[in-house]
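Engineer: Chain residues, written in single-letter form:
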Amino acid sequence: MSPLSPEKKNESKPTYWRSLDELVDAPEFRQQLEREFHEGASETPDDVSRRQFITVMGASVALASFTGCRRPVEHIVPYVRQPEEVVPGRALNYASTMPLGEDAFGVLVRSNEGRPTKIEGNENHPSTRAYDLPGQNKRPTPRGAANSLMLASVLDLYDPDRDPLVEINEKDRPAHQPYGKEWDRLAEVITGANLGTGAGLAVLSEGFSSPTIERLAKRFGERFPDARWVTYDAISNENVYKGTEAVFGRPLRPVYSFDRASTVLALDYDLVLGESNNVRHAADFAKGRHVKDKHEDEKSVSRLYAVEGMYTLTGGIADHRLRVRSSQIGAFTATIANRLGIKADGAGEFDSRFVDSVVADLQTAAAQNRALVVAGRRQPAAVHALVAAINEKLTTADSLVAAPRTVHYVAVEDTRTSSTEDLTALVADMASGDIKSLIIIGGDPVYNAPGDLDFIGALQRVSFSMCLADRFNETAVHVNHFLQRSHYLESWGDARAYDGTLSLIQPLIEPLYKSRTTAEFLNIVSAGKDVSGYDLVRQTWNGLIGAIDEGAWRRIVHDGVHAGSAYKPVPANLVTRRLETFLASNPVAQPKTGMELTVTVSNSVYDGRYANNGWLQELPDPVTKVTWDNVAAISPATAHKLGIKRKGQKVRVTAGKHSIELPAVQLPGQADDEVTVELGYGQDIGRVSQQAGRNAYALRSSQSDTISDVSVTLVEGTHLLATTQDHQSMEGRPLFRENTLVGYKKSTKNHELLPAMHEMDENLQLYGSHSYASGYQWGMAIDLNLCNGCNACTIACQSENNIPVVGKVQTEKGREMSWIRIDRYFKGDTDNPQMMHQPVPCQHCENAPCEQVCPVSATVHDAQGLNVMVYNRCIGTRYCANNCPYKVRRFNFFNFTKGKPEVHKMVQNPEVTVRSRGVMEKCSFCIQRINHAKIDAKLEDRRVRDGEVVTACQQACPVGAIVFGDINNDKEWNPTDTRVMHVKGSDRNYKMLQELNTRPRTTYLGKIRNPNATLAPAVAASDSRSPEEH
Amino acid sequence: MSTHTETSEPPLITGTQSFHSVSQQISEVTEAPIQGTPKLWWVLMVISLLALANLGASIAYLFWEGVGIWGVQNPVGWGWAIVNFVFWVGIGHAGTLISAVLFLLRQRWRTSINRFAEAMTIFAVICAGMFPGIHVGRPWVAWWMAPYPNQMGMWPNFRSPLLWDMFAVGTYFTVSLLFWYTGMIPDLATMRDRAKNKIRKVSLGVMALGFRGSGKQWQNYEKAYLILAGISTPLVLSVHSVVSFDFAVSLVPGWHTTIFPPYFVAGAIFSGFAMVMTLAVVARTVYKMEDFITMKHLENMNKIILLTGTMVGYAYGCEFFISWYSGNDYERFAFVNRATGDYAWAYWTMISCNVIFPQIFWFRKMRRSILVMFVLSITVNIGMWFERFVIIVTTLANDFMPSAWDYFTPTFFDFSILIGSFGLFLTLFLLFLRFLPMVAIAEIKGVLPQADPHFYEEKH
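Protein sequences, first through last, are from chains A and B.
Position 660 of the first sequence, counting from 1, maps to 660 under the working numbering, and the rest follow consecutively.
Position 166 of the second sequence, counting from 1, maps to 166 under the working numbering, and the rest follow consecutively.
Extracted from the complex, chain A is given alone in its bound form (with noise of 0.2 Å):
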């Protein structure tokens, strides 16, 4: 502004001024009505005009978009009226259920924009609900758990096996198919088939536990009413069945509290894996198996043995487990139902003092009912029959209550459980020709049908044959017809879960392809008319709760189960008569004869139905640490009379007939001259499951799961076995640390406790530390007493975090990405060693020694104690994961998305970037998560709550050995300890590998076993040696 002058007055004056200048008319104020923008504006501070940047930015952005000429436009498509709830970039949780045969486990799908990305556990479902640690004077909020099953089922969803346009070799096609069309004309195809009344017309259906599938096989078999309806799982709980209907007159379902027990003995039983309600199972047993401190009571802390004969994760987590042949549990539970006063012939010599000592806890247990024994349901049902029997001998308390008993009995409904003898039959009878209509419903009998039924020469046979299948199957390849089922993800239905409770089917998506629902088809077929799914369930739970408002509907819908629909107890008397005449013409006792067989339920697969999830078949098995194959598992002692050498050499083993290849694994803990194999292999159609291992239901037997006198020959060659881990000794390293609980009570010492190398004193070292003295801070703490190393941590972290399958022979070459690993050590002698599992995450070193080497910064640490991943900066020199003590961090070595079908885009978590090639990655906390809990809690202006922040391997975890949270322990800012601060208190925390001075935010809780103490020192304190050896 110019000084108020008198020369620069004018005559020319206004009357009304804007502003001195005007009124002085200061030749700035000239120039400024001139001036289109104010002085400033218009310019760049380096006096490029704004022309000459709009000019130049102009070519640029003509010239860069040059270099976007080849890419292929992609339009995205904004919501024309925007659904309700749906906030973009917030995801909605719904509750659904997972049937799997006569199971049904509680979900909690996350959709993104629609999409169903990951699975988690529902906490309000009986089958799902996750164990966890007590914090301080608080109780932890509710949480779902959820197994790898269940996690990778998402992946299912986008099977690109699922597309009808897929590539089909055309000798697999059928000659008719219009492959996905036959929908529109099943009603006309099945008036064609001239099914009459149903006479010579069967259905095959899977497994299944649901009220409304139940309600139209009625349906059905009104409209049918000659028809068979024939049930088959190549799993299922069938001898248990026949083992209660033995002793209590009537099938009946045995619900187990093993967070009840103090002493457990399974009998061949996987309470972690294989078994049903394996969820529950495993979160109540580690209930009943939680060390909170010193000063536990003995009592409290369980015991548990495992009697087996190939090693699984039971046998793991076992205080002892006794190495017995498949054949010779019969044997055995015959011994302890001897001793235990109940008659049963067959029984047999086992080691006096491992029987000993289980007869006496079980009988102290079961003074106040506290005793349990479980029986794998591959066992013959004399087996069950029997364990029923000792069951009720250990039990005083009424048989109508739940509680205080560890086993209950219920009556099941709405389900219909396998029968092979009904399969067998209908198998003769395709092949003698009464059978001349197959409705096949489900399943894959094709590929799972034991071995000594031809069931494809019987199938050719029926002149009408029709599938309902999940994905384009062996079985497909062999009907007239074949029709396409809905994932669950997109079905409305419901389950009865393990016990009883009602649980809900809703879909999250609209079907992705032309498919219906197990209920839709079943109403088309026997009512010609095409009703949605949604309507069926809805008349269905009409009949079933009778007919409720809206809200409660809803209520049901949101919970995802009716809550207290559960099966009541049915009074279980034993009638020791019918028992002894069953076991008379059952007997429970099988010879003992030259090699033997035992086929199994896979770890990772399940049955085959999840054999073309990419996730699962590079989900190392617990046990063998073998992906994308079945095995021949053998004890060494074994190994060594067939002369088996190297990893992975081929094995012919002959059953019958039949007899396949497979790559031979020793398999410390494997009962001598008994071979294992897992099913669920060796497909010829899926485009994932035909790639992996071979399929062993040609060697199962109608009869058995354990088969005897079979032949295993050494022939030419070695199989390509891609293991996650090759060594299995822990080499006397501190890694996983155990003591035994009278040791852990008895220890003064820290070395005591867990015996470690020596300790450094961490303020030694070359560079200035971080700050961690204010705002969040978080860590994590790992409790491997809990832990049981059932792999869904792994599975939860892939599906949160985008992590790419690489393929059988990238997981070969040690390329796998898994960002948290399970590592499996043995200890002592390689016939009966004890076997460890140990969870591996990114251990967030403060003093990380990965941040130091990289010479771009790209892996740097951020003021909350997390070790991050800039993937744009990272140039991949591997630097890192060379300095790794813990060897955590992944490396892309190619472009591992690259390829991958159009589908699996859609299962992408779109908060977690998906990886190029050549840079590394690793765990990061689930700093997706964090953030969103951060943005939360600055939206409603408060802090993060305690447990607010769930990271996906913690969420997954059944046990709860996984606790994250705020570890900074400023007692402003934090002044009650957080759930994982007192978790991380105990005296059993440690940290791995602490000598290096990396000081990991990730801590282990020591593994406390807890022998009897008149058959220790079978478990010393641990294989790590004390400090004074150095």
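Check before you lean on any hint, since a few could be wrong.
[What the hints assert, rightly or not] For the chain B half of the interface with chain A, some residues (derived, Cβ under 7 Å), not all of them:
id, residue
1, W41
2, V67
3, N74
4, I134
5, R138
6, L163
7, S250
[Claimed, not checked] Now the stretches of chain B that chain A is said to cover, found in silico as 3 or more residues with beta-carbon under 8 Å:
id, region
8, 84-97
9, 389-400
Simulated from the structure, these hints should not be mistaken for laboratory data.
All residues carry an ideal CB built from backbone N, CA and C; glycine is no exception.
Got chain A; can you put chain B on it based on the hints?
Structural biologist: Relative to the frame of chain A, chain B by itself:
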């Protein structure tokens, strides 16, 4: 000191060479027309170019697909690429040692071999420098390692030994190149003066930087050469020390050891001398340079190979002792595992080639046998390659976490890139032999008997 012994010392240059014949014999190699190039040169050149083409193709495929085409994996994040890098950097050292350190120590016998030893250094460092660039996962952004000002204020991590490495090797290359070029100026001037055609005249004229041989120019030249020799000398020690920090500064058992810098330097000189030997024998045979590269030169180099080989052997023993003495279980395991584990074959190859075989040089007859020294020089380089393999691969394969242990298996591309790097090296070297004075003409003249005006009568 008696002058008698001085005069009776065998001359450095044999035959009847005059100042002119020296210029003639060395320059004519570069002046020969295409037809005049020895057949053997063509044969070697074709082989080298094939290997070089293979390198180009392999690198193109590498950039297209990613480093997964190699055998690298978890936990062995560094494979042959880094083995080759350390190997080639090591090779370079002898050149600098011969030209700079021996120059400062007035070891005048070096004059016959220093030129191509320096050339070898440069070409070896080019080969070495290639590897860190191509071994990274995203080679197109490898330049992020360089500290350059940018709008994000993003600097590289100065704590990372890889960054030190980049500076060390970069400095080394620059100084070596300058030293080599400066030393070549009088010879380029000689060749310019002899040049017949225009192109040669102009190009050599530009390269000779106007050197006319005036007294003042000679004085400046000698000063510059001396200063550069002074600058190069510490680099002999520093470069491989810094390379060894890539390992020593990490915490991996088997890497994390203070003996690495001297041990690496000794190994580098060892392998470098072996490589000079290989090349000297070849150059001497192809171009009949027996008068300049005499048996005395070769024998002296063999003595150095024996010395450094024994030093390396001492370092191997010392490592073992210290790993035991440290009481650190991880260290102990790492070393016992090297000698007895899955990679014992590599370890014992290394010990045999580097420590056991060179002991035959205690015998004069062996030191003077062309065949023995040629075979042994190659053996030593195989051994030194395995030394880096043992250090890098076996260490990473078995470190702290037994659960992560795995076995490294090289792939076709590991081999093809190693062979390709030899192609690059030999191509450059053969071009050097053909187009540049392979022996320092001016310096040779200085050690001819007639260069001494006193004819060795008196020296003070």
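Engineer: Give a verdict on every hint.
Structural biologist: Cross-check of the supplied hints:
At its closest, the beta carbon of B/W41 sits 39 Å from a beta carbon of chain A; the interface hint therefore is violated under the 7 Å criterion. Because the smallest distance between the Cβ of B/V67 and any Cβ of chain A comes to about 6 Å, under 7 Å, the interface hint for this residue holds. Among the interface hints, the one on B/N74 holds; its C-beta lies about 5 Å from the nearest C-beta in chain A, closer than the 7 Å criterion. At about 11 Å, the closest approach between the beta carbon of B/I134 and any beta carbon in chain A exceeds 7 Å, and the interface hint on this residue is violated.
Because the beta carbon of B/R138 sits about 4 Å from the nearest beta carbon in chain A, less than 7 Å, this interface hint is met. With a cut of 7 Å, the hint placing B/L163 at the interface with chain A holds, because the nearest CB-to-CB distance is about 5 Å. Taking 7 Å as the C-beta contact cut-off toward chain A, the hint placing B/S250 at the interface holds, the least distance being around 5 Å. Counting residues of the region 84-97 of chain B whose C-beta sits closer than 8 Å to any C-beta of chain A gives 0, which falls short of three, so the coverage hint is violated.
Interface restraint, the region 389-400 of chain B with chain A: holds (3 residues with C-beta to C-beta distance below 8 Å; minimum three).
The structure is inconsistent with the numbered hints 1, 4, 8, although it conforms to all the rest.
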